[in-house]
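Respectively, the protein sequence lines represent chains S, D, E and B.
So the first sequence is numbered by UniProt numbering: it starts at 1 and just counts up by one.
So the second sequence is numbered by UniProt numbering: it starts at 1 and just counts up by one.
So the third sequence is numbered by UniProt numbering: it starts at 1 and just counts up by one.
So the fourth sequence is numbered by UniProt numbering: it starts at 1 and just counts up by one.
No wet-lab data here; the hints were simulated from the structure.
Check each hint, because a few of them may be wrong.
A pair holds if it fits inside one copy or across any two, identical chains being indistinguishable in the list.
[Said to hold, decoys possible] Here are the simulated DMTMM-like cross-link-like pairs (lysine to aspartate or glutamate), alpha carbons at most 25 Å apart as the crow flies:
(1) 218 / 98
(2) 218 / 106
(3) 218 / 299
4 protein chains.
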Amino acid sequence: MSLANGRRYLATPGPSVMPDRVLNAMHRAAPNIYEGEMLQLTESLWPDLKALAGTRQHATIYIGNGHAAWEAANSNALRRGDTAIVLATGRFGHGWAENAQQLGVEIALTDFGTAAPIDLERCEAALRAQPNARAVLVTHVDTATTVRNNIKMLRRLMDDLNHPALLMVDCIASLGCDEFRMDDWGVDVMVAASQKGVMTPPGLGFVFFSEKARAVAKTSDRRSPYWNWDNRADAEHFYMHFYGTAPTHHLFGLREALTMITEEGLEAVFHRHRILAQAVWAAGAAWSQEGAFALNIQDPAARSHAVTAMRLAAPDGTRLRRWCEDHGGLTLGVGLGMAPPGSPQADAFFRLAHMGHVNAHMTLGALAVMDAGMKALGIAHGSGALEAATSAIAQG
Amino acid sequence: MSLANGRRYLATPGPSVMPDRVLNAMHRAAPNIYEGEMLQLTESLWPDLKALAGTRQHATIYIGNGHAAWEAANSNALRRGDTAIVLATGRFGHGWAENAQQLGVEIALTDFGTAAPIDLERCEAALRAQPNARAVLVTHVDTATTVRNNIKMLRRLMDDLNHPALLMVDCIASLGCDEFRMDDWGVDVMVAASQKGVMTPPGLGFVFFSEKARAVAKTSDRRSPYWNWDNRADAEHFYMHFYGTAPTHHLFGLREALTMITEEGLEAVFHRHRILAQAVWAAGAAWSQEGAFALNIQDPAARSHAVTAMRLAAPDGTRLRRWCEDHGGLTLGVGLGMAPPGSPQADAFFRLAHMGHVNAHMTLGALAVMDAGMKALGIAHGSGALEAATSAIAQG
Amino acid sequence: MSLANGRRYLATPGPSVMPDRVLNAMHRAAPNIYEGEMLQLTESLWPDLKALAGTRQHATIYIGNGHAAWEAANSNALRRGDTAIVLATGRFGHGWAENAQQLGVEIALTDFGTAAPIDLERCEAALRAQPNARAVLVTHVDTATTVRNNIKMLRRLMDDLNHPALLMVDCIASLGCDEFRMDDWGVDVMVAASQKGVMTPPGLGFVFFSEKARAVAKTSDRRSPYWNWDNRADAEHFYMHFYGTAPTHHLFGLREALTMITEEGLEAVFHRHRILAQAVWAAGAAWSQEGAFALNIQDPAARSHAVTAMRLAAPDGTRLRRWCEDHGGLTLGVGLGMAPPGSPQADAFFRLAHMGHVNAHMTLGALAVMDAGMKALGIAHGSGALEAATSAIAQG
Amino acid sequence: MSLANGRRYLATPGPSVMPDRVLNAMHRAAPNIYEGEMLQLTESLWPDLKALAGTRQHATIYIGNGHAAWEAANSNALRRGDTAIVLATGRFGHGWAENAQQLGVEIALTDFGTAAPIDLERCEAALRAQPNARAVLVTHVDTATTVRNNIKMLRRLMDDLNHPALLMVDCIASLGCDEFRMDDWGVDVMVAASQKGVMTPPGLGFVFFSEKARAVAKTSDRRSPYWNWDNRADAEHFYMHFYGTAPTHHLFGLREALTMITEEGLEAVFHRHRILAQAVWAAGAAWSQEGAFALNIQDPAARSHAVTAMRLAAPDGTRLRRWCEDHGGLTLGVGLGMAPPGSPQADAFFRLAHMGHVNAHMTLGALAVMDAGMKALGIAHGSGALEAATSAIAQG
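Extracted from the complex, chain S is given alone in its bound form (with noise of 0.2 Å):
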């Protein structure tokens, strides 16, 4: 006996909801990929892909995950030998370090711990420390604790230092969720991925870089054939797109996603993620009084609008996860990075995601399960949970 059975909500912070539409785009025959339709279905993606990242320079697809966008944009734009200041706000953060490192590069860390957005006194330490280094790497969101960094404040105090590194910054949790601006902002190289915030099965890696970049890159020795940015971004031939066959099916895929958020409007989705975050954080507020929950950051404009981490008194977190899912038909993710793997401590962390193809029914209904969760297997929680959600969203 269970209340799970119906359309199950899968709120893990990647993969997200797919929408019907992007699985109906998917689910077709494949197409020639020599000439006609596929090719101009993939010029057609650029300046959306453009738009979302907030840049007139350049893009690129990358068949791969988050990762392989981290090694893309690293071999193109790090050296053997260069410096890169490492600004770590989560386990994301530490894991774009360690492709870097494993790709020769030495890396300046600075780490802000796993609750806390980079803090700008510390950054100018670490960038006064690194006069020559080649680039300062920071997520916009860390997927794992949820902090969300202010890129351009970081700028800011980059310029103001007259600092010559590349600012590269990892957007897979925030990009098309939380506002971003790549040129406005400054920022050089910029990672993203599709199955967040872009509503596409895994298996895109995007990479967009600035002209600055793209020269520095020109004297990588880290630049594989596949990584080699140059050749995706200024293709002579359809295939150099992809460095060989272009992944048809996704790119179908990609492009009804990017056409349902051109339709919504960028602004109306980046005020649905920020609203239903707030429906979230005020439901958190209520839970905190009583009992041991608590959301994993403090400071609500550090906060992502994609994915929430959360804790209860171990192993609760894990136990609430497990009855979301087995009576509810909600899928939490599990905690990354803020406990060691398999200690007691790591069943205390949860997260919830509201990132992507998600509205106020189901936002609110992930809540109402928690909240049933928690009744159920009596955790102690603040009361006047929900209401405070609902009264989010109808001010919203």
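Using the hints, position chains D, E and B against chain S.
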């Protein structure tokens, strides 16, 4: 700007949410209808349909909708000039009677209004007044009023009175949601359709009939080749099940839907609907504490487990319905048959379905969107509705 | 070991091959049937359906199959005791008459056998013998014999004789394949269905009717609420088009199929069917030069453009059909109504459909598989069939 | 007016026809990638992939295309400054070598042209000239020339010469079509991709490697985290199989494709490809009797069973290709690497794929459309091609 974009939830009482598994099962090439898999698949449906109806007697599938099932039942079981006792508890009870009347049947109507179930005293009077009536027509659940009638008690009354009429029951809105035992409860004819609890797109009507009904039908002067249930139930050749070409893709879908019900177990399906209904009622009870909100049916024992009719002060029902669709991604059902169409009062009523492919996330999310909508629109309502609902779920 | 694995081709005369576009259109969430998109979509169907039928008069869609369309037409246009002249050129002509007979209509049958079209002299005799007949029933193309009748000439004859009967035509196997002009040809009632030239899964019947037929129908004593075409054609409310719940997913599919036909252009659709039929006939003529192979209809002017009945010496028809399915990935249609079912002679006949979503590759491939099958089975046949077919295509 | 409308057949050598079952398997909600079904499904792939490759050693899946698989193999097995012997029999052999060269590997090239397989004498010379070469790179089937090389004999030669090089083979165009026995034939590294014989949309590359190759790779200075095959083959955590997010929907599709291959049986799959290829060759031999038509590879033993390159007098190759697409519903592949792109001679060549999800109906239909096209365009060609093909099928 809207919070509706995302996976929309159509919570109208038919068609209900189609499971991905059902849609996928229907997404396939046309089959041979003269030999092979389609024939075996169809044979596999009969025992599962009969189990769903609680009968070991006869089952037929008509290409048609619920109204087609009405006409099929009437055409077989009734003759011109016969009298049928109609116990109406909502618009669909009247609709079935109108069908019979247009076929030449005399209707002896007892109308229980739009907010109450049948009442055994009045039923007794109706039965005594028409000792030779050919049949009693009654809805198990009327989709319009969302009343649920006690069929078992009605049968007992008929038995006590030794009334010879066939007991004919419309389960269109209840099959697969509310417990129903055709043979145990002594029902002679039961009609249903695919698009509600059976989770298959509209296009199939079902008629189940007893041996007694079959014998009566032999003398019918209204049954045409299409409606004749004998050939369908005892088809010598495959095409006779459908009097012509089989509805191939609907059968693929129905097969999958019945498999899903079997996998979950019928008792678990009923349990799920009961608990979700209780969550809706708990929210409704809280909202009713202030302002004009009311559930249409007062007695919980007379409420459908599949759909709940509600009202606000006109025109707030319609305002709320529009807000939920435009801002929350939730489509509620219109009120039907509760007030003259187009009258101001018609905008008071609406319905929330919780039938078929539905789980805690979907139903709690729907209640939460309604709560947000009342707040956004300034519609007075009692507080605590959502926690009342999550408590019901937690105890379920 | 088989050469059949791959994309199988179901070349039976209904259901025909469903286009991916149609299946995709049907693969979507259930819509609201009380307001919004579904209502507009349905309104858009009527002009396209009428254009397909060549009429400006009345169109209806029934949830049902071709037999349902028969009964709908008969129930409206005929009364108990009326006489209908039936001009039968195959099993389906007889089937339609049987439906009328079971509704209480007197049948005046002229049977043209299983291999010939109607003959105007015998038609004249039939008309003169029944000057007060209410209707003439005839198939445009009989799916069983694959004969095509000249409806225009039949109408001219009726006019010449000043016969008052309604001209009722079954286009189930020809609509969207063979040219048909309802109004120009003076047809009063035309019935069709979704699963052949209209490229939509079985489940919809169509009935088109003239003003004259409509007037006659007002007095019908056989029309029941479900079949009544007045309400459907002039629906005051959306649900009245379908007397109840709309067949939502079929309507999505039908919309796409009609769009495909419109995009191609009706003349181009007819041209495609004509040339593909000529390729089949060319192959048939060559195969006939040796052994027992024969096309069922001798006169090309009397052959359907949508399906071709053929025969070999029994049991080679069935042997070939099985070989094509097991080894070639091609499913041919069984012979229908050409010999008593189960008789040895029944295994002589088979049919190749070339209707609806069909192109040169599919039809030529089917002929080639048949050629391979006759070789593999040692069935004597004339040579040069395939090049005769490709020549027909090349000239088309 | 065209005869192309209907189910179009894309007979290009990749992507090939995607089975409905595979597309359906991919049409589903995103799964949890941290626990549950997706993990089990992925584990089930390894034995099936290894069986397909004929190995008990190591298998990896990369999110990427065939070029990604090249780079993965090169990055692991080769180091800067290593020498690789390249035995090129077409454009893709050169392409793989260019990838290696750009990674810093010295290439010792023997070019066998565009119409012949490797020649053991010249191979011996190449091996003797580079006794310390790290690897031999060769394509099993080159998709451009459609030559098939005898890998077993090459290995025997290497063994006879005691050459220590790794034998690295590109099976992108042959896996699942032509027999291949990695372990039996002594292959050290094999690369393939999803979109040809494996019947899954482009987006997955496969690299299989031997223990010997694995040991060599430990010292590679070119392998980056993304390409590192050790972590992928021996993933401690699920995400390490893919170095990050799994390609969830492709894995659903691949699972279904491998199930289809298993159900048919690998020997039956090879048999089917062999016979269909023989049908193509038989038609080609007949067409070659008159006019300029020719198959690209003379020796049947050196022809791919998956794709066949052909030529006419320029520009008839391109004319025929366009006719088939515009009038027949058949898309042939362009010629690749047979003449300078844009040169008149480039319009002589084209290719017919018969790989993956392909049966007698599809291949015979393709040949027949080509025959019709040559007739329609007045291109001289020998007669009897189609019956030669059906004879080959009949005997198969």
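Status of the hints after comparison with the structure:
Proximity of residue 218 to residue 98 under the C-alpha cut-off of 25 Å is found in both arrangements, the shortest distances being 23 Å within a copy and 19 Å between copies. Within a single copy, residue 218 and residue 106 get their C-alpha atoms as close as 20 Å, and across copies as close as 22 Å, so both meet the 25 Å cut-off. For the homomeric pair residue 218 and residue 299, neither the shortest alpha-carbon distance inside one copy (41 Å) nor that between copies (46 Å) is at most 25 Å.
In the structure shown, a violation is registered for the earlier hint numbered 3 alone.
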